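Reconstruct the complex from the two isolated chains, following the hints.
In order, the protein sequences belong to chains A and B. When we follow numbering that gives the first Met the number 0, the leftmost residue of the first sequence carries the number 0, and every step to the right adds one. When we follow numbering that gives the first Met the number 0, the leftmost residue of the second sequence carries the number 0, and every step to the right adds one.
Don't read these hints as lab results, they were simulated from the structure. Quick caveat: nothing in here was measured; it's all calculated off a predicted structure. Mixed in with the good hints there might be a few duds.
Unchecked claim - Among chain A residues calculated to face chain B with C-beta under 10 Å, some are:
hint	residue
1	Asn9
2	Ala24
3	Ser76
4	Asn209
Quick reminder that beta carbons are idealized off the backbone N, C-alpha and C, glycines included.
Residue strings, one per chain:
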Amino acid sequence: MTLPLFRIKNLSLYVFLAILGLLVAMPLVLILSQSLMDNTTLYTWPPQVVTLAPNFGSYQTLFSQPDLQLGRWLFNSLFASASYTVVVLTICAPAAYAFSRLQFRGRNVLFFILLATIIIPSQVTLIPNYLLMRDLHFLNSINALIWPGAANVFAVFLLRQFFMQIPQELEEAAILDGCSYFGRFWKIILPLSSNALTALTIFVFLGHYNDLFWPLIVNSRVDMRTLPVGLAILNSSYGGSERPVLLAAAVFATVPILLVYSFFQRKIIQGVTLTGMAGR
Amino acid sequence: MSNTIVTGSAPAATQQATRRFQINLRRRESLAAYVFLLPFMFFFCLFVVRGVAAAVNMSFYDWDVLSPVHKYLGLGNYNELINDDIWWLSLKNTLIFAVMTVAGSSLVALGAALALNQPVRGRGFFRVLLYAPSLLSAGVVGTTWVWLLNTQFGIVNYALHFFGIPAINWLGDSNLVLPALSLTTIWWTFGFPMLLFLAGLQGIPTLFYEAARIDGASPRQIFFYITLPLLRPTILFVTVLGFISHMQLFSQNFIMTTGGPGYASYSVIYYLYQIAWKSFRMGYGSAVAILLAAIIVIFTALQFILIGRRVQY
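So here's chain B without its partners, still in its complex pose (with noise of 0.2 Å):
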C-alpha cells in the first residue's frame, strides 16, 4: 500500500511535506522567538513605552500629585513653559555646560589617547591610572570637589595663590560656576572616551603611518591627514555620546551648588527635579521633560549631520 503512494505521486507528496515541514518549522521558530522575547517585551511596555506614553498625556494636564482630580489643559504646560524664564535660563546653563564639557573632555582624552598609543613605558599604569575618576559615583566627586574648590581652604585655589592668583570663589560666583562644575565633570568622566580614542587609534593600520614616513611627511602632518581624518567615527561617537549624557546635568549642581548661587547652575533637570519633586507639579514637569527630550534629539541629529557627513571608511 505504501509502495502505491510512494510511486503514485511522489514528487508531489514530498514536496508537499517538505513545504508542511517547512511551516511547521517557521511557526516553532516564530513562537519560540515570542517566548525569548517575553520578558524582555514586558518590562518594554511596561516602563519604556507606556512610560513615553504616560509622559506625553501628562504633559496636557495640571498633574498635582497631591490633588485627586487633574484639569485638563492641552497646550497650557508648554505654553507656560515658553514663558518660563528658569527654564530658559535652566536649557541656556545646559547647553553651555553640555559643550564646554565635552569639548573639555574630548581634548583632554584625545590627547592622553595619543600619549598612551606611543611606545612609552608604563602606559599600562597610566591607562588604569587615568580611567580611575570613571568609576567614581557622583557623590564622592562632588564631595571631593566642593572641598578642592572651597575660596578659603581650597587645594586649586592654594595652587593657583603660587602664580600670584587671589582667592577666587569657584562655586560662589555666577560667572564661574559653570566652567567650575565643567572642570570637575572633565576631571570625572574623561576616561571613557579615552579608552575609546585608544581603541580608535589602535585599529588605524600602522601601514598608512609608514607610508607617510616614507614620503617624508612631518608628525604634524601625519595628525592631521592621517590619524585625525580617520579618527573621525570615533570622535562622532564620543562627542554625540558626551553630549547626550552631559545634557543630562543634575548629579554635579545638586550636589555641589544646590542650582547655586541665585539660578546660576540651574540644569533642566535639576529644575525638573525642583519642578516634580519639590513643588509636585508633575504635568508641567513631564512638558519640561518631553521638550529637553525634544532638543537632545534635535541636536544628534544636527552633530550627525555637520560631522557625520564627513564620516567615510
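Same shape as in the complex, but just chain A (with noise of 0.2 Å):
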C-alpha cells in the first residue's frame, strides 16, 4: 500500500527539481545559443532558441574593438581578486589568532567595535575611501581594489571561530618544546584550519570578483575596469543595436567561472556553506 504513494511523492519531488533546474539552466543556455546568431535572427517573432547555422561573428567583433577589452578586463578581475584574496588571509589569519587565543588589554573592547562595524554597511565609507584613493593616486589602478577592504572584518571573525575549536593542549605542547607566538600560529593553528583557510579563500575570492559598486567609481578608465564593470557598460551601448555582442560577452564572462566550478563544484559548496554557517 504505501509503496506506490512513496513513489508518487518522489515523483513530485523529481518534477519540482526538474521544472527549478530548467528555470535556473535555461537562461543560460539561451545565451550561449542566441550569441551564436545575427542580429536578424536574433530580432525574430517567434525567439529564436537554437539556430542550425552558428554565426561566430558576434565572438569577432567581441575581440577586435578597440572599446572591448573583455581579456584585460578578465585579467584585471582575477588579478585583483587574487591579490585581494591574499593580503585579506595574511592580514586577517594573524589578527583571528591574537584574538583566539592571546590574552591582551582591551581584547574584548576591541573585538566588539569589530563586531560592530559589520552592521554598518560598506557604502557609509564609500566616498571617504573614494576621496582618499583619490588623494593617493590609487584612482584607475589594481590599488584601489586591494586595499580599501583588506581589513576585512568577516574573515577574522570567522577564522576566529575556526581558531577557538582548535583544542589547547596542541599548542600547550608546542610551548614546552620552546616554539614561539608565531612558530604557534605557523606550524599548529594554520595547517589544522586548512579547511576553514579554504572555505575562505573561495568566499572572499567571489565576493571581491562579483562587486560591481567600488570597481566602477575607482577603476573608469576603459583598460582598469574589471570585467562586470566592463559588461555592465556595455549594456548602455551595445545595449540597442549590437545584443548578439553582448550576449557574446556574457558568455565569454560566464565560462570561466562555470569551469572552475564544475572542476571545484564539491569545495565551493563546502566552502560557501561553511562560511555561511558559521556565519550564523
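Here it is as C-alpha cells:
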C-alpha cells in the first residue's frame, strides 16, 4: 500500500526539481545559443532558441573593437581578486589568532568594535574612501581594488571561530618545546584550519570578483575596468543595436567561472556552506 | 652562597620569581598580540574607522568635489533629505524590492532545500546546478535578463503567450519594474540561502522525525511542528542577511533599467551614486549613506526582535 504512494511522492519531487533546474539552466543555455546568431535571426518572432547555422561574427567583434577589452578585463578581475584574497588572508589570519588565542588588554572591547562595524553597510565609507583613493593617486589602478577592503572583519570573525575550536593542548605541547608565538600560529594553528582557510579563500575571492559598485567608481578608465564593470557599461553602448555581441560578452564572462565551478564544485559548495553557517 | 639564599627565603624567592616570570610572560603575550594585530588594525583604522568618521563629518558640509572650499551646513543636508521626494521614493522602492526579494528567494530556497534533503537520485547534481547562478556576476545576470525580459523578443513573454497572456513591458512599466528586478534577483541569489537551509535541515536529528512518525504525525504536521521550528535560527539568519544585502540594491537597476522608467526603479544606493558621482555632491551623498545605514540597523534590530524572540535551541 505504502509503496506506490512513496513513489508518487518521489515523482512530484523529481518534477519539482526538474522544473527548478530547467528554470535555472534555461537562461544560460539560451544566451549561449543566441550569442551565435546574427542580429536579424535574433530579432524575430517567435524567438529562435537554437540556430542551425551558428554565426561567430559576434565573437569576432568581441575581440576586434577597441572599446571591448574583455581579455584585459578578465585579467584585471582575476588579478585584483587573487591579490585581494591573499592580502585578506595575510592580515586577517594573524588578527584572528590574536583574538582567539592570546590575552591582551582591551581584547574584548576591540573585538566588540569590530563586530559592531559588520552591521554598518559598506556604502557609508564609499565616499571618504573614494576621496582617499583619489588623494593617494590610486584611482584607475589595481591598488584601489585591493587595499580599502583589506581589513575584512568577517574574515577575522570567521577564522576566530575556527581557531577557538582547536584544542589548547596542541599549543601547550609546542610551548613546552620552546615554540615562539609565530611558530605556534604558523606550524600548528594554520595547518589545522586548512578547511576553514580554503572555504574563506573561495568566499572572499567570489565576493570580490562579483563586486560592481566600488570598481565602477574607482576604475573608470577602459583598460582598468573589471569584467563585471565592463559588461555593465557595455549594456548602455551595445544594448540597442548589437545584442548578439552583448550576449557573447556575457558568455565570455560566464565560461571561466562555470569551468572552475565544474572542477571544484564540491569544494566551492562546502566552502560557501561552511562560511555561511559559521557566520550564523 | 647559593645555598644560604635557597634555605633562607626559598618560598618567597620562588614565588617572586614565578610572579615575575608570569608578568613577563603576560607582557610578552600582549606584545605578541599587538604585533599580530598591527597590519589588520592599520587598515581597519584607515578605511573603516576613519571612513565612518569622515562620512559623518562630511554629511554636515556642502562638499562639492569640484570646489576647493566646503561650506558648513550643520544639519542642512539632512533637512534637505527629509524634504527630498526622490529620496523617499528611492527608499520606498528599495524597501518594496528588499521585502519581495527576501520573501521570494527564501521560499524558493526552502522549497529547493526540502526537496534536496530527500533521498532522491541526482541530488548532488541538482545542488550544483541550482547554486550555479549565484556564481555569476551582476554584469552577466543583468545582460541576460534584460534580454529575457525584452517586450518584443524576450523568452519570458514568449512563454507567457502560450497561456494567452499578451506581451508585457516588464522593465518599462513603473508598476512591474520592481517585481521584474526582484524576479531576476531571486533567480540569481536563491542558491546561498538554499545551501544554508540544507545545512540547517541536515542539522535536525533524525530522532525527532522517527519519534513523530511513531506517534502517527502526518508529513504536514512534521513540517510545521518539527522542521520549521527547528529551522528558525537559519530562517532568522537567512532573512536578516538577505534583507541587509537586498537593501543595497544597485547593480541590477544600474544595468537593467538605469533607475527608470522615470524614477520607478531608483534605489537608495542608485540615488547615492547619482548624487555623489554624477552631481558631485559628496556631502549630501554622505547624508544619504548614513541615513540608509541607520535604517538598515533599525530594521535588522526589528527582525531580531520579531523572529529572534522565538528562536530557542
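Hints and how they fare:
1. Given hint, Asn9 (chain A) at the interface with chain B, holds; its Cβ is 6 Å from that chain's nearest Cβ, closer than 10 Å.
2. Hint status for Ala24 (chain A) relative to chain B: holds, with the closest Cβ pair at about 6 Å, below 10 Å.
3. At about 8 Å, the closest approach between the beta carbon of Ser76 (chain A) and any beta carbon in chain B falls short of 10 Å, and the interface hint on this residue holds.
4. For Asn209 (chain A), the interface hint holds, the least distance from its beta-carbon to any beta-carbon of chain B being 5 Å, beneath 10 Å.
When the structure is compared with the earlier hints, no violation turns up for any of them.
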